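Chemist: One letter stands for each residue in the lines below.
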Amino acid sequence: MAEPVAILLVAASEHGKALLREGPCGARPPMVVLGGKGRDGPARWLPRDQVDWTTTNRKAPLFSQDFGQNHPAVTALVLSWEGENVPEGWDRLTRVAPKVDLPRLNFFPGGALACARAYERAGFGTVVCLGTDGKEMPDV
Amino acid sequence: MSDPVAILLVPSPEHVEALLGERPYGSRPPRVECRSVAGTARCPHCKSKLRYSPAPTEQTSDLWVCDACKEDWYEEGIFALSEHRWEPFYGHRLQPNRCALVLAGENQLVFDGLDRVVRHFEKKAQAAGSEREEHNCLFVAALIHRARFVDLCNESGGVSASLRQLGSLILVDLEGREVGL
Numbered sequence: 130m131a132e133p134v135a136i137l138l139v140a141a142s143e144h145g146k147a148l149l150r151e152g153p154c155g156a157r158p159p160m161v162v163l164g165g166k167g168r169d170g171p172a173r174w175l176p177r178d179q180v181d182w183t184t185t186n187r188k189a190p191l192f193s194q195d196f197g198q199n200h201p202a203v204t205a206l207v208l209s210w211e212g213e214n215v216p217e218g219w220d221r222l223t224r225v226a227p228k229v230d231l232p233r234l235n236f237f238p239g240g241a242l243a244c245a246r247a248y249e250r251a252g253f254g255t256v257v258c259l260g261t262d263g264k265e266m267p268d269v
Numbered sequence: 004m005s006d007p008v009a010i011l012l013v014p015s016p017e018h019v020e021a022l023l024g025e026r027p028y029g030s031r032p033p034r035v036e037c038r039s040v041a042g043t044a045r046c047p048h049c050k051s052k053l054r055y056s057p058a059p060t061e062q063t064s065d066l067w068v069c070d071a072c073k074e075d076w077y078e079e080g081i082f083a084l085s086e087h088r089w090e091p092f093y094g095h096r097l098q099p100n101r102c103a104l105v106l107a108g109e110n111q112l113v114f115d116g117l118d119r120v121v122r123h124f125e126k127k128a129q130a131a132g133s134e135r136e137e138h139n140c141l142f143v144a145a146l147i148h149r150a151r152f153v154d155l156c157n158e159s160g161g162v163s164a165s166l167r168q169l170g171s172l173i174l175v176d177l178e179g180r181e182v183g184l
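Here the protein sequences line up with chains A and B, keeping their order. Heads up, the first sequence stops at 269 in our numbering, and the numbers go up one at a time, no gaps. Heads up, the second sequence stops at 184 in our numbering, and the numbers go up one at a time, no gaps.
In short, the hints are calculated from the structure, not lab data.
Have a look at the derived ranges for each label pair, beta carbon to beta carbon:
hint : chain 1 : residue 1 : chain 2 : residue 2 : range
1    : B       : R151      : A       : A251      : 24 to 34 Å
2    : B       : E181      : A       : E265      : 48 to 58 Å
3    : B       : E17       : A       : R224      : 20 to 30 Å
4    : B       : P16       : A       : A147      : 31 to 41 Å
5    : B       : D154      : A       : G260      : 40 to 50 Å
6    : A       : A147      : B       : E181      : 24 to 34 Å
7    : B       : N100      : A       : K264      : 41 to 51 Å
8    : B       : N110      : A       : G260      : 45 to 55 Å
One side of the interface only, derived from the structure: several residues of chain B facing chain A at Cβ under 7 Å:
hint : residue
9    : G29
10   : R31
11   : P33
12   : R34
13   : P91
14   : V105
15   : F114
16   : D115
17   : R122
This structure is a prediction, so every number in the text was calculated from the model and none was measured. The C-beta atom is built at its ideal place from N, Cα and C for all residues, glycine as well.
Pulled out of the complex, with its shape left as it was, chain B reads as follows:
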């Protein structure tokens, strides 16, 4: 099994915009997207291998072309029939369960990603209904702010547990494949 080099947070649908959304002035967090691997995607109709055709602009979508059926497929249509990898995401359309925040990469913390989580917990503290809830959110924010790489890797630790409140944590190897601990 390959060694994990990156830690990703796949947000629950209610946290997608807060954790992955672009802010005014083009500010955006480090994001990756789970994509079909070229050469492994197959046509849902005839099972032929599909040809990848990148989107001409940021506003349009990539296509997967079946040269046998002469049909074009969006990623959603062929996703279940292909192998997947996590790759850097530069698009605009955030898809729940398919987009993730990068918390660590190349065995180092990625502060741009962690800061987004810290700020999210601080906002939750401001909107908290009770003093106890507010303290909890601020405590978690401080915990994540001081987190080290090993804290994120420790599956039973407080940092990982806090991050799981927002979604699921996954580890990926150098090629973007999901790997277990």
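For reference, chain A alone in the conformation it holds in the complex:
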């Protein structure tokens, strides 16, 4: 079976604020947004600066600094991207769950996906895997 090239965590609603929160002085975790490239493009998980934010609704809060924590269903924490672990994503995840008996990636022999699944089972959110074409891999 093909290996995912990206591992994302779509935060559960009760953890969205903590996982995707912007920190002081502009600190921001690695996030991707479910959005389209152009009006007819299919929705994909894309880095924030690649999403076409064009909207006819001027009141849409798309540019707000706290977009992630206000829209957790369409924002995901990046744990791995292009086959590489993203340390800032794991840092945020482990800081949010410091008291929980969950594995740390550095000390987990099963790899990033298995480690992410442990956080999923603990109720922190839903793991989404992306293939080389950028599409979700539902069966991984």
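Chain A is already provided as a structure; the job is to place chain B on it using the hints.
Modeler: Just chain B now, kept in the frame of chain A:
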């Protein structure tokens, strides 16, 4: 003298990108910038007080306008002629000695900033030329990972000494003014 409430690390030029740079997917550390205070900046030509004009977009720069000379100045041109404060930085252009990483604020550790330092030492360990150097970097990374607020304030402690390998540490008060220990 005001009490310090925040601890900043001003990286040496070679560490600026690693410690302050934005990562893919918009990830960025807590950053501040040393800026001229509105009302204290003066025109280098006629010494009149300058009017602050914020940049219209993130890609352009703020301007300081002299209404007497009808000249516009960038921050660099008037920096030496004004009072300064450290303020949150949301821009893109990192300037050595003018931008800093926030390690602690409001008398608490800022983990997003400390994690960036820890990861930097871990990367240095991976690129180390000797086993001893690798161990040193990993030891420092572990030390900073477990640091408490008092460890950062202790000027002669191991944590502060390790952080000074990357740049200079400064303390600022609630209004962003640099203060001594």
